[in-house]
Structures are given as C-alpha cells and as structure tokens.
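Just so you know, the sequences run in chain order A and B.
Read in the working numbering, the first sequence has 83 at position 83, and its numbers run on one by one without any break.
Read in the working numbering, the second sequence has 1083 at position 83, and its numbers run on one by one without any break.
There may be inaccurate statements among the hints.
To be verified - Which chain A residues stay away from chain B? Per the calculated CB distances, all over 10 Å, these:
{"id": "1", "residue": "1"}
{"id": "2", "residue": "5"}
{"id": "3", "residue": "11"}
{"id": "4", "residue": "15"}
{"id": "5", "residue": "23"}
{"id": "6", "residue": "31"}
{"id": "7", "residue": "46"}
{"id": "8", "residue": "55"}
{"id": "9", "residue": "71"}
{"id": "10", "residue": "75"}
{"id": "11", "residue": "78"}
{"id": "12", "residue": "80"}
What the hints assert, rightly or not - Below, computed lysine to aspartate or glutamate pairings styled on DMTMM-like, alpha-carbon distance capped at 20 Å:
{"id": "13", "chain 1": "B", "residue 1": "1030", "chain 2": "A", "residue 2": "62"}
{"id": "14", "chain 1": "A", "residue 1": "9", "chain 2": "A", "residue 2": "30"}
{"id": "15", "chain 1": "B", "residue 1": "1072", "chain 2": "A", "residue 2": "65"}
{"id": "16", "chain 1": "A", "residue 1": "15", "chain 2": "A", "residue 2": "50"}
{"id": "17", "chain 1": "A", "residue 1": "72", "chain 2": "A", "residue 2": "36"}
{"id": "18", "chain 1": "B", "residue 1": "1026", "chain 2": "A", "residue 2": "65"}
Since the hints were derived computationally from the structure, they do not count as laboratory data.
Where a beta carbon is used, it is the ideal one built from N, C-alpha and C, also for glycine.
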Amino acid sequence: MSPEQIAEKLKKIIKQYLEEEIDLSKISLDTDLINDLKINSMHLVDIILDLEDEFDIEISDDDAEQMLTVGKSIEIIQQQLAK
Amino acid sequence: MIGNDIIDRSLAQKHIRSQSSRYWQKVLNKEELIWLKKQPDTVLAFHMLWATKEASYKVIRKMGATRNFSPKSIIVNQLTNSIYYDSLYLNVQSSWGNIFALAKITEDSIEVYAAQDKSKLEAAIFCRIKLPGTTHSAQSHYTRKGLYRELRKLLALSTEKFYIQKENSIPKLYISGRKAPIDISLSHHGNWGAFGFAL
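Take the sequences, apply the hints, and build the full model.
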C-alpha cells in the first residue's frame, strides 16, 4: 500500500476525533495530532486501535509512543504492513 | 514544577471504548490493570489513573522529558483498595523520578494535580471552573481567562496584558510582553476547565 493510500485512510480515522472544523486536505507529514489538530490525548488511543483494525496490524507501545505526527504514523503503519 | 488534568465525568461515561480491556491494555501497566479490575466503578477508576498519568506527564515534560505518548511509562503506585474518597493522594513513578499527585473526585469531574513532591504541590494554587463553551477553542480560551483572572487578583495587576505561549509544547505565561517566573498548568475537558500555578 502506498503512503498516499495510508494517508487517506488515516485522515478518515482522524476525522472522527476532530473537535473542530479542520481542513484535512491541508495537513502535511509534520502535522501534529495534538498541537495542530487539537485531538484529545484519550482519542490518540482510539486512533491507534482504529489503525490496528483498519490495517490488521498490531501497534506496539514503542511504536505508539512516537505516533504524534501524521508522518510518523504513516511510517509506522508502513513498517508494520511490511512485516 | 506542577501539572494538572481534568476529566468531565459525563464525557468519560459516554466514551464507551475506554471501558474495554483492549483500551486499558494500551494505557495501563500490569499492576494498574489488576487494581482497576477490582474496582466497583471502573469508569471512574480508569479515568482517575489516566488523569494522574496526564498530570504527571506535564511535570516530567517540564523536568526535561522528551515529548511522546507513553502512558505506561508513568506508573501509578501504592493504589489503595478503593477510591471512595473525595481526595486521594497518589505516588507516581517515572524515569524522571517520583511524582506526588492529588486526585479530587466530585460528581462532575476528576481533577488531578501533580508536582515533584508534596510541599511543591501544597505551595501551588489549583482551581476548577465551569466552562461556558464546548468547542476545543472555547474551552481553552475560558480556561486561560480563568487563570488570568485569578492571577490578576492575587498579584493585583489589573491592567497588564496576560497571554500564554507554548515553548516545546509547554505553556509559558507572559505578562505585558515579559515571560513571568510563574509555573502554570492548564487542562480542559467538556464542561470543565482547571488550572494551577506556582509562584
């Protein structure tokens, strides 16, 4: 799966947890889930669980620890899919 | 250095997924899980643990910890058998040293305040406010306003302009353009905002 396809799926998941209207077409790899998208930290766990279900992967605690940006999240999903 | 967190209990109740074992396993250590499963009100108990970890994380970030998402690396120790208390002191362990925390539980919210030790926690001032807005920006705005109001009163600064700027994701208070030597911490969730400061 290409990084673009992963990004599209990730955006759909993130959208469910946005508390305010944010144009997701403008997000970049550096977009920070908490600081930029204002996602509540409890919803970070929801996003991790949704990603595990969507991609049929397991995200370890070490990987989850780094998933604060869109780019890092895509990278970790890619790594897991390649296993 | 201080940290705080607040949970709106009505929102916590509605967050069904955080009542699942799968969710807990992403957040809690073995000992915390064992304790949680014994609790009669697991929604309250889980969110108290979460808020304690969040408040403690804010303290260790100020101590120099790198920004990350690692709730399991902050361990809530010496949990008592039950949490039928209005206030509960908690001992928290982290790779940056121990943190002392106080949880205040009411019908509406769970507030947790944390500091490096008990004396620092007791020297700080913490407040909870009911928020008029429910969007993230409104919650943040009114929580900050609440903090400025308390500080204006306490410091007798009626005309100075207060604002907050984040440095490396840590909020810093500015008064009339100058960084103030006041340690602050803010949190909001749903209908509730909370803030603390240490002079």
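Cross-check of the supplied hints:
The beta carbon of residue 1(A) sits about 23 Å from the closest Cβ of chain B, which is more than 10 Å, so the claim that it is off the interface holds. With 10 Å as the threshold on Cβ separation, the claim that residue 5(A) sits away from chain B holds: the shortest Cβ distance comes to roughly 24 Å. Taking the minimum C-beta to C-beta distance to chain B, about 18 Å, the non-interface status of residue 11(A) holds against the 10 Å cut. At the 10 Å boundary, the C-beta of residue 15(A) stays outside the reach of chain B, the nearest C-beta of that chain being 15 Å off.
At roughly 15 Å from the closest C-beta of chain B, the C-beta of residue 23(A) stays outside 10 Å, upholding its exclusion from the interface. Interface exclusion of residue 31(A) from chain B stands, the closest Cβ pair being 14 Å apart, more than 10 Å. At the 10 Å boundary, the C-beta of residue 46(A) falls inside the reach of chain B, the nearest C-beta of that chain being 6 Å off. With a minimum CB-CB distance of about 16 Å to chain B, residue 55(A) clears the 10 Å threshold, and the non-interface call stands.
Non-interface call for residue 71(A) relative to chain B: holds, since the shortest CB-CB distance, roughly 15 Å, exceeds 10 Å. For residue 75(A), the shortest C-beta to C-beta distance to chain B comes to about 15 Å, beyond the 10 Å cut-off, and the non-interface label holds. No Cβ of chain B approaches the Cβ of residue 78(A) within 10 Å, the least distance being about 19 Å, so the stated non-interface status holds. Interface exclusion of residue 80(A) from chain B stands, the closest Cβ pair being 15 Å apart, more than 10 Å.
Of the pairs offered as hints, the one joining residue 1030(B) and residue 62(A) holds, with about 16 Å between alpha carbons and a cut-off of 20 Å not exceeded. For a cut-off of 20 Å, the pair hint linking residue 9(A) to residue 30(A) stands: about 17 Å separates their Cα positions. Straight-line distance between C-alpha atoms of residue 1072(B) and residue 65(A) comes to about 10 Å, which keeps the hinted pair within the 20 Å bound. Simply put, residue 15(A) and residue 50(A) have alpha-carbon atoms about 12 Å apart, close enough for the 20 Å limit, and the pair holds.
Our distance criterion of 20 Å between C-alpha atoms is met by residue 72(A) and residue 36(A), whose separation comes to about 15 Å. Pair hint residue 1026(B) plus residue 65(A) holds up; C-alpha atoms about 11 Å apart against a cutoff of 20 Å.
Hint compliance for this structure: hint 7 alone is broken.
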